[in-house]
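J.: Chain by chain, the residues:
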Amino acid sequence: MPLMAVIRHPVFLVWLLMFLLAGAYTAWQTRLVTDMSQFLPTGASPLQTVLLEQVRTGAASRLLLLGLDGAPAEQLAAASNHLRGKLEASAHFDLVQNGVEDLAPDAQPVLFRYRYLLNPAVQADYFSVDNLRAALQRQLRILTSSFVQLKQNDVRGDPGSAYLGYLLGLRPQGGPQLSHGVWFGIDGSEALLLARTQAPAFSLEAQQQVMAYLQDLMQQDEMLRPLRLQISGPALFAQQAKSIIAGEVSRISIVTTVVMLLFLALVLRNSTLVFCSALPLLSGILAAVAVVTFVYGSIHGITLAFGVTLVGVAVDYPIHLFAHKRAAESASASLRRIWPTLRLGLITTAMGYLAMLFSDFTGLAQLGVFAIAGLTVAVAVTRWVMPLLVADSWEARWRMPGLKQLTRNYWPLSSGLWLLTAFALWYVLAHGNIWEDDIAALNPEQKTQKVLDSHLRQQLGAPDTRHFLLVQAESEEALLLRCEQLQPKLDAMVDAGVFSHFELISRYLPSAANQRQRQQELPDARRLQQALTEASAGLPFKPGTFEPFVAAVQASRDLPPLNLATFAATPLGRQLSNLVFDYQGQWFSLVPLTQIKDYTALAKDFPPLANDAPVMLLDLKAQSNTLMSHYRDRALWLFALGAGGILLVLVLGLRSFPGALRVFMPVVGSLLVTVMVLLLAGERLSLFHLASLLLVIGIGLDYSLFFQRYQGNAVERNQTLWALVVCAMTTILVFGILAGATTPVLHAIGLTVCVGTLFSFAYAVFGAPASSPSVHQI
Amino acid sequence: MLSSLRSFYRYGMCLLLLPLSVIAAEDVELSAILAEFAKQTEFHGHFKEEKISGILAQSLELEGELSYRAPAYLEKHIRKPYDERQIIDGDQVIIENSTDGQRRVLSLGTVPELKIVVDSLRATLAGNLKALQENYRVSRLPEADGWHLRLRPRDEELGETLREIHIQGRGQHIGEFRIVQTGGGESRVVITALP
Chain G
1 MPLMAVIRHP
11 VFLVWLLMFL
21 LAGAYTAWQT
31 RLVTDMSQFL
41 PTGASPLQTV
51 LLEQVRTGAA
61 SRLLLLGLDG
71 APAEQLAAAS
81 NHLRGKLEAS
91 AHFDLVQNGV
101 EDLAPDAQPV
111 LFRYRYLLNP
121 AVQADYFSVD
131 NLRAALQRQL
141 RILTSSFVQL
151 KQNDVRGDPG
161 SAYLGYLLGL
171 RPQGGPQLSH
181 GVWFGIDGSE
191 ALLLARTQAP
201 AFSLEAQQQV
211 MAYLQDLMQQ
221 DEMLRPLRLQ
231 ISGPALFAQQ
241 AKSIIAGEVS
251 RISIVTTVVM
261 LLFLALVLRN
271 STLVFCSALP
281 LLSGILAAVA
291 VVTFVYGSIH
301 GITLAFGVTL
311 VGVAVDYPIH
321 LFAHKRAAES
331 ASASLRRIWP
341 TLRLGLITTA
351 MGYLAMLFSD
361 FTGLAQLGVF
371 AIAGLTVAVA
381 VTRWVMPLLV
391 ADSWEARWRM
401 PGLKQLTRNY
411 WPLSSGLWLL
421 TAFALWYVLA
431 HGNIWEDDIA
441 ALNPEQKTQK
451 VLDSHLRQQL
461 GAPDTRHFLL
471 VQAESEEALL
481 LRCEQLQPKL
491 DAMVDAGVFS
501 HFELISRYLP
511 SAANQRQRQQ
521 ELPDARRLQQ
531 ALTEASAGLP
541 FKPGTFEPFV
551 AAVQASRDLP
561 PLNLATFAAT
571 PLGRQLSNLV
581 FDYQGQWFSL
591 VPLTQIKDYT
601 ALAKDFPPLA
611 NDAPVMLLDL
621 KAQSNTLMSH
631 YRDRALWLFA
641 LGAGGILLVL
651 VLGLRSFPGA
661 LRVFMPVVGS
671 LLVTVMVLLL
681 AGERLSLFHL
691 ASLLLVIGIG
701 LDYSLFFQRY
711 QGNAVERNQT
721 LWALVVCAMT
731 TILVFGILAG
741 ATTPVLHAIG
751 LTVCVGTLFS
761 FAYAVFGAPA
771 SSPSVHQI
Chain X
1 MLSSLRSFYR
11 YGMCLLLLPL
21 SVIAAEDVEL
31 SAILAEFAKQ
41 TEFHGHFKEE
51 KISGILAQSL
61 ELEGELSYRA
71 PAYLEKHIRK
81 PYDERQIIDG
91 DQVIIENSTD
101 GQRRVLSLGT
111 VPELKIVVDS
121 LRATLAGNLK
131 ALQENYRVSR
141 LPEADGWHLR
151 LRPRDEELGE
161 TLREIHIQGR
171 GQHIGEFRIV
181 QTGGGESRVV
191 ITALP
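Chains G and X are the protein sequences, given in the same order. Just so you know, my numbering puts the end of the first sequence at 778, numbered straight through with nothing missing. Just so you know, my numbering puts the end of the second sequence at 195, numbered straight through with nothing missing.
Hints in this document: simulated from the structure, not taken from any laboratory. For clarity, every value in this text was computed on a predicted model and none was experimentally measured. For glycine and all other residues, C-beta sits at the position ideal for the given N, C-alpha and C. There could be a bad hint or two in this list.
[Said to hold, decoys possible] Using C-beta positions, here's what the derived DEER-type ranges look like:
1. X:LYS130 with G:LYS542: 35 to 43 angstroms
2. X:GLU143 with G:ALA121: 48 to 56 angstroms
3. G:PRO607 with X:TYR82: 50 to 58 angstroms
[To be verified] In silico DSS-like pairs for lysine-lysine, Cα to Cα no more than 27 angstroms straight-line:
4. G:LYS542 with X:LYS48
5. X:LYS80 with X:LYS39
6. G:LYS542 with X:LYS51
7. G:LYS542 with X:LYS80
8. X:LYS130 with X:LYS39
9. G:LYS450 with G:LYS621
10. G:LYS447 with G:LYS242
11. G:LYS621 with G:LYS489
12. X:LYS76 with X:LYS39
[Unchecked claim] Not the full set, but computed from the structure, chain X residues with beta-carbon under 10 angstroms of chain G:
13. GLN58
14. LEU62
15. SER107
Pulled out of the complex, with its shape left as it was, chain G reads as follows (with noise of 0.2 angstroms):
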């Protein structure tokens, strides 16, 4: 048809509009959504909500260890404060430390109000006559020899220094060592920080966002530019990998576009052809991410990038066509022929993509839409679109010799194939664990980011991300009581080099109970003042200076207990506002364990995940690999359910059992021997080859319905197998491009689709020779 003609055609300027429209609805609408959540399940239980909630947002995914170095000591330092002022203003941190602690009173006049509640030395005896007298002795002492005298009230209302024995108590041991005020490594060499960013760890791009203003801070600031800041955490990880990830797609994209391009010019010798063959696959992705817009109101980036690998089967269809195509034929007419095929193929590849729209994984959801969508759309387009680009003249020059061969029975080579699936079928049985359960072996190596991590965090003595204990109760009250009683075991436990630090929260706020059992100690004003003159006799204390002493132990008498709202809203309550929550009436909290060296003695002391104990161990990682194989199961049964459904439409739209079971076998037995093929490589499966093998399905099925369809003569057959052998090659090649990467992700898609067409071909063309042509006229 003349250019000018296929213009105006109608059906033409319906699918430009539909082009159009999908394009600016999605380029207005369509917002990409990177969190992870819509691909976990909505837990169950509280504890597992709980869990979900620590994986994704807790303190420790969200904190960032920061070096800075490239400077002597003393400028690294003016540097640290520097740089943990700037961070404190933005708006990416909630915290910021680097070892500057503000101990004055006023800082926090909560906690200054609360001394004689909250210090745990503040018992009987502390009022005692002795125990003043001691304490005056020392201020003495510090008076005497002090270059600068501190300021007057704090000693006149605290002699015996029980707010600063409360802060300082609560500071770790192995902490990093003090150099010129700030956080040091061993050697001196390197200033160190904490950050923790407001964004949560999986919000990628918000991590990036913080990522960039460091570095733009980095390069702009005059007093940091000299500097080398060295960062890592979790978030950092994370991010890191998807850019890897990124990369390596966007470079692999170009090469495979390209050898694709030049494969089909070589094939097709026809530029129009070549650029008309992308038509359909490029209508489905836009019409599917404009469909799952549409009915979810974002796309998830997974959906997105497994969705356009599952569509990815439309670069078949107009092959198909091209392959039919006969001299001095329409192509509508072509298309006629082959259409109950390539309907037919589109029915059942979408059966199985129909189980996963019940799933109650958003994600997996919005990917059986997407995938269902898009191929519908690249349908359409093949059989009413493109015949209108395709000449009538039109034909396929390039034959393969030998292709003849091919289409004979070989009984032994088809025997063969069988046998080959039943040793896959026990070997596969057989093989015990088939699943990669460790999410994490499936992002980019990041060697050196990993030895930085384990340097920066040693030196810091950052918290464990990993392992933390879980302390559960019914109330906050009894939450505090029972962290109270765990306290002599975990100190036992530090003693006993099991781990070097924990953090508790009953440390910094004790229990109601304790509080007020400390209230029934402080003496009232009489006794007390009466302990204290007797303390100070001969002592150069001018008379009532310790009034304001006197007084607060009055006042504290009558504190209501300190309660976790109050606390939490304190700067030194705001650092620990990830240690507690409430989920449901049910109050946990977190025990961070930092440096922990015998796991075995952890373990034997505290159940891992043993749901209705106190005090249980938890191991994120495990808990978001469990998580992460529920997916999957999930998954797979929602694959084995519209495998039924492909069964059941390959009956009825064949209307007969025996021909359907000669399209379905030929897709199990290359499924089962690709699955035994990756086992074999060293691969373990995980969701991304599973999703690859929801594509060696579609493809397999395809391969299937064309040869097994009505095949007329030699030629027809001719033609098929041509059509066969194209789309097999198309496909390997470009999946054999993306099994060379190096990201273990992109490899797992690669090789399992590569292989997987491979014995779909094998399968189709040899595992079930064409029965006689009168079975299915279809």
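Chain G is fixed; fit chain X onto it per the hints.
T.: Structure of chain X alone, referenced to chain G:
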């Protein structure tokens, strides 16, 4: 030492090229006084300190020895009424009390109030007027015999604790170091050089 001398000369040369204002004249005098210190790389002396505190009915008295080694080593060895050595070397503060056998090491930077006082002393001893003027408004008070410097902190927050520091002496010798606190406390250290 050499570098601070060199910077002093450069500073002096610049001033010769400018019309001498009153302030500049005072700066020259200050520089001249401080330049005397810069020649001194080591000092060893006896001190007697008297402390007055708002919360004490009587003043405290202590004595001992003071040592300085350029550029950053300061030692205060208290002999009476107890024995305690306070060493400040760079950023490190070491306090050794032989009476109770305790030894504490801390970072000067963690005690900002102490740091700024120590810095003032070090800057004076090193003859570094510029460093001194960064933290203090420095002025010279009339003194019949020798010289008298007064340092007032520029930082308002520090001003809440520390009102001023007075340093008096003759030639390159510091005779008295006096810290006046805002709350009414005062500490007066009288120094006599030992051979």
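J.: Give a verdict on every hint.
T.: So, going through the hints one by one against the coordinates:
For the hinted restraint 35 to 43 angstroms between LYS130 of chain X and LYS542 of chain G, the CB-CB distance of approximately 42 angstroms keeps it satisfied. A hinted range of 48 to 56 angstroms for the beta carbons of GLU143 of chain X and ALA121 of chain G is consistent with their spacing of about 50 angstroms. For PRO607 of chain G paired with TYR82 of chain X, a C-beta distance near 55 angstroms keeps the hint of 50 to 58 angstroms intact. About 24 angstroms separates the Cα atoms of LYS542 of chain G and LYS48 of chain X, which keeps this hinted pair within 27 angstroms; it holds.
Straight-line distance between C-alpha atoms of LYS80 of chain X and LYS39 of chain X comes to about 31 angstroms, which puts the hinted pair past the 27 angstroms bound. Taken as a hint, the LYS542 of chain G and LYS51 of chain X pair is honoured in the structure, with Cα atoms around 15 angstroms apart against an allowance of 27 angstroms. Annotation: proposed proximity of LYS542 of chain G to LYS80 of chain X holds, straight-line Cα distance about 23 angstroms (limit 27 angstroms). Taken as a hint, the LYS130 of chain X and LYS39 of chain X pair is honoured in the structure, with Cα atoms around 17 angstroms apart against an allowance of 27 angstroms.
At roughly 16 angstroms between alpha-carbon atoms, LYS450 of chain G and LYS621 of chain G fall within 27 angstroms of each other, so this suggested pair holds. Only pairs whose Cα atoms come within 27 angstroms are accepted, and LYS447 of chain G paired with LYS242 of chain G is accepted, the gap being roughly 15 angstroms. Between the alpha carbons of LYS621 of chain G and LYS489 of chain G the distance comes to roughly 25 angstroms, so the proposed pair stays at or under 27 angstroms and holds. The hinted pair formed by LYS76 of chain X and LYS39 of chain X meets the criterion: a straight-line CA distance of about 21 angstroms does not exceed 27 angstroms.
For GLN58 of chain X, the shortest C-beta to C-beta distance to chain G is roughly 5 angstroms, which falls under 10 angstroms, so the interface hint holds. Taking 10 angstroms as the C-beta cut-off, the interface hint given for LEU62 of chain X holds, the closest approach to chain G being about 6 angstroms. For SER107 of chain X, the suggested interface contact is upheld, since its CB lies about 4 angstroms from the closest CB of chain G, less than 10 angstroms.
Of the numbered hints listed earlier, the single one contradicted by the structure is hint 5.
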